[in-house]
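Participant: The primary structure of each chain is shown beneath.
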Amino acid sequence: QQQVKQSPQSLIVQKGGISIINCAYENTAFDYFPWYQQFPGKGPALLIAIRPDVSEKKEGRFTISFNKSAKQFSLHIMDSQPGDSATYFCAASKEAAGNKLTFGGGTRVLVKP
Amino acid sequence: ETGVTQTPRHLVMGMTNKKSLKCEQHLGHNAMYWYKQSAKKPLELMFVYNFKEQTENNSVPSRFSPECPNSSHLFLHLHTLQPEDSALYLCASSPGTTSTGELFFGEGSRLTVL
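As you go down the protein sequences, you meet chains C and W in turn.
Here the first sequence stands for residues 1 to 113, numbered as in my numbering.
Here the second sequence stands for residues 114 to 227, numbered as in my numbering.
These are computed hints drawn from the structure, not numbers from a lab.
Heads up, some of the hints might be wrong.
Claimed, not checked - The calculated DSS-like cross-link candidates involving lysine-lysine, where the alpha carbons are at most 25 Å apart (straight line), are:
{"#": "1", "chain 1": "W", "residue 1": "Lys131", "chain 2": "C", "residue 2": "Lys100"}
{"#": "2", "chain 1": "W", "residue 1": "Lys132", "chain 2": "C", "residue 2": "Lys42"}
{"#": "3", "chain 1": "W", "residue 1": "Lys153", "chain 2": "C", "residue 2": "Lys5"}
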């Protein structure tokens, strides 16, 4: 049973556009929601994370929006750049279970110049 | 060396071979993890070690045998694998497992089972 569902599987956006990736979770005990970025040949790296006490978190061009009642969260990449072309993974975990992340299936983003 | 280092980066093995993957972290962390990344599937947590003790085995087949001799090193011993075990195996570390936080991943070991 996949506990974190991510969409779309792939996304093509023009340079300067907005990339939006959505995730939905089932376990209401989740209380930590990170996004990881993975370039080809590299391991995933933490991009930005949010906890459910806030509805939005922004770091530079990257914003997480969180909707606790809908059990959904999304990543917005503003002013997308070719260097943002990568695979993005949402994830979730619960404090009580320690640092065990459940990942979404990933979204491959291609930013065209 | 900095961060999390995995060797070998690529490995091809037959179904009857025995091989090992190695992970070393230079971050002073106490927790280490093995994840499996297969095509078209989410990253799957396999094992968790905290202060050298295994704290999680996510129903992984016994043909995968982890070893954590100290907090800086983690191995994954492989034997009699199946072709469906072909995947990217990622090692990660974190300061501990008592709270949620950032995982630091290595670049992975790409395994092909013939």
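Participant: Hint by hint, say whether it matches the structure.
Facilitator: Against the structure, the hints come out as follows:
1. Lys131(W) <-> Lys100(C): violated (28 Å)
2. Lys132(W) <-> Lys42(C): Between Lys132(W) and Lys42(C) the Cα gap is close to 22 Å, so the pair holds against 25 Å.
3. Lys153(W) <-> Lys5(C): Given pair Lys153(W), Lys5(C) holds - Cα atoms ~13 Å apart, limit 25 Å.
Violated hints amount to a single one, hint 1; each of the other numbered hints is respected by the structure.
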